[in-house]
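Could you build the full structure based on these sequences and the hints that come with them?
Residue 211 in the numbering used here sits at position 181 of the sequence shown, with consecutive numbering throughout.
Please keep in mind that the hints were generated in silico from the structure rather than gathered at the bench.
All values reported here derive from a predicted model rather than from experimental measurement.
Take the hints with a grain of salt, since some may be wrong.
If you anchor each label on the Cβ, the simulated ranges turn out as follows [stated by the list, open to error]:
hint : residue 1 : residue 2 : range
1    : 171       : 43        : 29 to 37 angstroms
2    : 40        : 75        : 30 to 38 angstroms
3    : 63        : 190       : 13 to 21 angstroms
4    : 43        : 64        : 24 to 32 angstroms
5    : 195       : 76        : 13 to 21 angstroms
6    : 70        : 43        : 14 to 22 angstroms
7    : 70        : 35        : 15 to 23 angstroms
8    : 176       : 47        : 38 to 46 angstroms
9    : 78        : 145       : 20 to 28 angstroms
10   : 71        : 47        : 40 to 48 angstroms
11   : 76        : 46        : 42 to 50 angstroms
12   : 153       : 77        : 29 to 37 angstroms
Below, computed lysine-lysine pairings styled on BS3-like, alpha-carbon distance capped at 25 angstroms [to be verified]:
hint : residue 1 : residue 2
13   : 75        : 137
14   : 187       : 137
15   : 75        : 175
16   : 208       : 37
Note that CB positions come from ideal geometry on N, CA and C, so glycine has one too.
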Amino acid sequence: MRPTSEKDHQIFSLMITSKEYGIWRVGDARLSPSPVRLLQYQIAKQSNAQNGSPQVAVYHFVVYSNMKSQLRHGAAGAAIGGVAGALIGDAMVSRDEMAQTSLVDEKAFDGMSADEYKRGLYTQAEDPNKASVYIVYIDTSINGKRIFTRTIAPATKQGENDPLVDAVQLAIRNQLTKYNDSEANAHS
Numbered sequence: 031m032r033p034t035s036e037k038d039h040q041i042f043s044l045m046i047t048s049k050e051y052g053i054w055r056v057g058d059a060r061l062s063p064s065p066v067r068l069l070q071y072q073i074a075k076q077s078n079a080q081n082g083s084p085q086v087a088v089y090h091f092v093v094y095s096n097m098k099s100q101l102r103h104g105a106a107g108a109a110i111g112g113v114a115g116a117l118i119g120d121a122m123v124s125r126d127e128m129a130q131t132s133l134v135d136e137k138a139f140d141g142m143s144a145d146e147y148k149r150g151l152y153t154q155a156e157d158p159n160k161a162s163v164y165i166v167y168i169d170t171s172i173n174g175k176r177i178f179t180r181t182i183a184p185a186t187k188q189g190e191n192d193p194l195v196d197a198v199q200l201a202i203r204n205q206l207t208k209y210n211d212s213e214a215n216a217h218s
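Listed below in structure tokens is the structure:
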């Protein structure tokens, strides 16, 4: 079942020179209801439409925030010239961002447990603009079928919505879509 630590907020480093700087585990406190409750609600809503009560197990549901680039630009901008420099730093990270979901190798995920901050990293291909992102891992089993996904979503506010809530909802939708896709492929 889901490790208790995934519910807790943890900053990996406050030192700007650290490789862990700008990455933290978000925890459940900023979301109400909790991410697992949101997932359960969406599964129940979907199963009611399909007339059934699925057997669900949640192995992982953890959100990481990677603000490394934005925080470093902000610090550099502030060093350049106080408030004006900080505004320049913020402008340097105002970019178009694209969200994406991919399948996760459980062994690779578990292999990062000693250096947990690495779960909050992304590749150049995943985020070419080095924008601030939320990285959401969801590992579930529904009716015996296990799927583990990783969603990268923008951490910038768009409209009135909280970007964390948007990222979690997107990750849940994409997680459940992977189940629907695998069922559709099984019937083809």
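message: Check whether the Cα positions of residue 208 and residue 37 lie no farther apart than 25 angstroms.
response: holds (24 angstroms)
Status of the given 20 to 28 angstroms range, CB of residue 145 versus CB of residue 78: violated (41 angstroms)
task: Check the following: the C-beta atoms of residue 63 and residue 190 are separated by a distance inside 13 to 21 angstroms.
output: holds (19 angstroms)
message: Holds or violated: the 42 to 50 angstroms window for the beta-carbon distance between residue 76 and residue 46?
response: holds (44 angstroms)
- prompt: Do the beta carbons of residue 195 and residue 76 sit within 13 to 21 angstroms of each other?
  reply: holds (19 angstroms)
- prompt: Would the pair residue 75 and residue 175 pass a check requiring their Cα atoms to be no farther apart than 25 angstroms?
  reply: Roughly 18 angstroms separates the two Cα atoms, so the pair holds.
task: Return holds or violated for the Cβ distance of residue 176 and residue 47 against the range 38 to 46 angstroms.
output: Holds, at about 39 angstroms.
- prompt: Between residue 187 and residue 137, is the straight-line Cα distance small enough, at 25 angstroms or below?
  reply: Roughly 33 angstroms between the alpha carbons, so the hint for residue 187 and residue 137 is violated.
query: Should the hint that residue 70 and residue 43 are 14 to 22 angstroms apart at their CB atoms be regarded as holding?
result: violated (33 angstroms)
- prompt: Does the Cβ pair residue 71, residue 47 satisfy 40 to 48 angstroms?
  reply: Roughly 42 angstroms apart at Cβ, these two residues keep to the hinted range, so it holds.
- prompt: Has the hinted range 29 to 37 angstroms been met by the Cβ atoms of residue 153 and residue 77?
  reply: Given a distance of about 35 angstroms, which is inside 29 to 37 angstroms, the answer is holds.
- prompt: Should the hint that residue 43 and residue 64 are 24 to 32 angstroms apart at their CB atoms be regarded as holding?
  reply: Given a distance of about 26 angstroms, which is inside 24 to 32 angstroms, the answer is holds.
The structure shown violates the earlier hints numbered 6, 9, 13, 14.
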